[in-house]
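Asks: So the chains spell out like this:
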Amino acid sequence: AQSVTQLGSHVSVSEGALVLLRCNYSSSVPPYLFWYVQYPNQGLQLLLKYTTGATLVKGINGFEAEFKKSETSFHLTKPSAHMSDAAEYFCAVTNNTNAGKSTFGDGTTLTVKP
Amino acid sequence: DTGVSQDPRHKITKRGQNVTFRCDPISEHNRLYWYRQTLGQGPEFLTYFQNEAQLEKSRLLSDRFSAERPKGSFSTLEIQRTEQGDSAMYLCASRTPGGTEAFFGQGTRLTVV
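Read top to bottom, the protein sequences are chains U and H.
Sequential numbering from 1 applies to the first sequence in my numbering.
Sequential numbering from 1001 applies to the second sequence in my numbering.
Hints were generated in silico from the structure; no laboratory data involved.
Possibly wrong hints are sitting among the right ones.
Quick look at which bits of chain H chain U covers, simulated, 3 or more residues with Cβ under 8 Å [said to hold, decoys possible]:
no. : segment
1   : 1044-1051
2   : 1101-1108
Simulated DEER-style distance windows between Cβ atoms [stated by the list, open to error]:
no. : chain 1 : residue 1 : chain 2 : residue 2 : range
3   : H       : G1098     : U       : A86       : 27 to 37 Å
4   : U       : P30       : H       : P1008     : 34 to 44 Å
5   : H       : T1096     : U       : Q45       : 14 to 24 Å
Fair warning: this is a prediction, and the values are worked out from it, not measured in the lab.
Here a beta-carbon is modelled for each residue, glycine too, at the ideal position from N, C-alpha and C.
For reference, chain U alone in the conformation it holds in the complex (with noise of 0.2 Å):
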């Protein structure tokens, strides 16, 4: 079984202020952890993840995430906000076990303020 939990379904920052969007999850097995952004009806466009190896993950456009297992966390920051990271963040999990479907959070809408 795996779950995830968003916590803040609404974040808003200043432009140019840090962007932290938090994840945690449950996860029976070692978990793969994903980070999505999904503008305004249009698809899923993956930001970063996590399989193995290094615990910190960079992305595109200056994400990056940490994975922390001692704490079943994976929150994702950004040191600079810019007006166009103003969109629906999705964090989910899915294992090697599962045959790759995805669980996702309920998404954080992120708001950036000129």
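Model the placement of chain H on the given structure of chain U, informed by the hints.
Replies: Only chain H this time, still in chain U's reference frame:
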């Protein structure tokens, strides 16, 4: 490689009508997934195929829903006797068996009026 393609992008239908959506996965991706996303929520797994075989269906997939992948390439998702509760974004994704991530299409937005 043009990515995962879904058609149509938008569909408005009257309650009780049947609708069919199509998904063309990335070539040589033998796994194909359907998800449903309602407003304010994350995508939820519906079903998946490995080649032409439908290997798993979620309990979300009622008897009014049917999915096929006849030749292991494109897939169709049909909803019969649509209800207002079927209004959602239907997302398709594909991946290789050894891959760790799924690639998503742009989705089909269904509105049942």
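Asks: Now, for every hint given, state plainly whether the structure supports it.
Replies: To see whether the hints hold, each was checked on the structure:
1. Coverage of the segment 1044-1051 of chain H by chain U holds [criterion: at least 3 residues with CB-CB distance below 8 Å; count 4].
2. Proximity of the segment 1101-1108 of chain H to chain U, defined as three or more residues with a beta carbon under 8 Å from a beta carbon of that chain, is established by the 7 residues found.
3. The hinted window of 27 to 37 Å between G1098/H and A86/U holds, with their beta carbons roughly 35 Å apart.
4. Distance hint for P30/U and P1008/H: a CB-CB separation of about 39 Å, consistent with the stated range 34 to 44 Å.
5. Remark: the range hint 14 to 24 Å for T1096/H to Q45/U is upheld by a beta-carbon distance near 19 Å.
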